[in-house]
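Here the structure of chain A is known, so what remains is to put chain B in place on it, guided by the hints.
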Amino acid sequence: MSLVETSIQTSETPLGRDDLARMVARDIAPGSFVNLGIGQPTLVSNYLKPEQNITLHTENGMLGMGPVATGDQIDGDLINAGKIPVTELPGASYFHHADSFAIMRGGHLDICVLGAFQVSATGDLANWHTGAPDAIPAVGGAMDLATGAKDVFVMMTLLTREGASKIVEACTYPLTGVGCVTRVYTDKAVFLTGPDGVRVRETFGCTLEELQALVPVPLTAAPAVEQ
Amino acid sequence: MLNFVDSVQAAVSAVRDGSTVMIGGFGNAGQPFELIDALLESGATDLTVVNNNAGQGDQGLALLIKEGRVRKMICSFPRQSDSWHFDARYKAGQIELELVPQGNLAERIRAAGAGIGGFFTPTGYGTMLAEGKETRIIEGRGQVFETPIHADVALIKALKADGVGNLVYRKTARNFGPIMAAAAKHTVVQVSEIVPTGALDPENIVTPGIYVNSIVRIDSSGAAAAGTAEQVA
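Chains as they are written, first to last, in the working numbering: chain A, 1 to 227; chain B, 1 to 233.
Same shape as in the complex, but just chain A (with noise of 0.2 Å):
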């Protein structure tokens, strides 16, 4: 089992942000539709190569979205979920509001990455609100993207500045959707989360007892088979 276990470090060191997104990206399954979430998860745009087909879903009324647009393809009505002037694909498409949000929930969209305050052990996710009393509640396409897509990856640090683990028995941040992350990357682990529990893949700059020492739920190791 010990032998197990050391071997799924993959990393010397914790991954950095560019890294994550690297690794994310050559997990998307080729031919993937998928819809990266506004912040961290924009990264992964970076990394998808032309030769793993993967449309881009924006929730604002585009498949076949293409890069962050500069100079002359700069277009106001050419926008991602963030607002940022972004370009087109050929083979794009555009739809209205409530059609991109059928393509959500429906179940279309393979993959979502979404940024998260925290994860629970059985894969809730709270990412849109601190429920803080002062703070201004804005959840956008955040809950019906957690609820709609087959698979939810979430990537974030796995630790709060604070140093208290962002994956927790139970979320103590309001929901943004109940048991809907199935995988979750992090600078020092990915974690597979599920009805049973949380299983660890591979780590990074730790073993799996030290992450342990980090995270207040019970972790093992996913099988090799299931990487």
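There may be inaccurate statements among the hints.
[As the list claims (entries may be wrong)] DEER-style ranges, computed between Cβ atoms:
#	chain 1	residue 1	chain 2	residue 2	range
1	A	Gly91	B	Asp17	17 to 25 Å
2	B	His150	A	Thr10	35 to 43 Å
3	B	Glu98	A	Gly131	13 to 21 Å
4	A	Pro216	B	Arg141	24 to 32 Å
5	A	Gly107	B	Ile210	29 to 37 Å
6	B	His150	A	Asp72	37 to 45 Å
7	B	Asp82	A	Thr87	48 to 56 Å
8	B	Gln94	A	Ser93	35 to 43 Å
9	B	Glu98	A	Glu162	44 to 52 Å
10	B	Ala223	A	Arg17	45 to 53 Å
Simulated from the structure, these hints should not be mistaken for lab results. Heads up, the beta-carbon is just placed ideally off N, CA and C, and yes, glycines get one too.
Below, chain B without anything else, positioned relative to chain A:
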């Protein structure tokens, strides 16, 4: 009844004090700035506004909020880096907020236009945005009952209209336009171009003219352009 009007002031005259107004746009894309400016100028107040956001910067919807014309916002994402006018009103307790997940917002608007009395959706189930709402387990999933959002007036932006009010849009500026056009009792559209009836390919029309009541052409400088009636004729 379809009218082509020569001024934005005439176009927004259907908005009364206390009206519920849908305003198209996602961020600035598709936001009908000239119609919103005219609404501000009209003095209409005590409005309930339906939009994805709650205004950005010092233009459009943000100014309506700044001037205290909006009693209630129904939106999905009010807080942005430049939503300072909404933020100030909200923190002062001077504006009501109904926060709706974006897909539920879109589908509630669609439902209103389609004559649907409500629907069950998995989005929001188990969250604080479903508190107080009817829920059911359907096909093994928790679902929340959501009701339609109707409006007195919709203000939207399209690229082109023809003489019978058929509309086409441009890129991601389409967003909420088609569903708001159907959900409001009176739909006002600002377009960049009015083309003769028959000039738009019927296969490519996004919003059929049956949903449209009032059209004003805004030239590229942002001014309402006269002479639309002659173009249509």
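State the violated hints by number, sorted upward, taking the hints as numbered earlier in the document.
Checked against the structure, the hints that fail are numbers 1, 2, 7 and 9, while the rest are satisfied.
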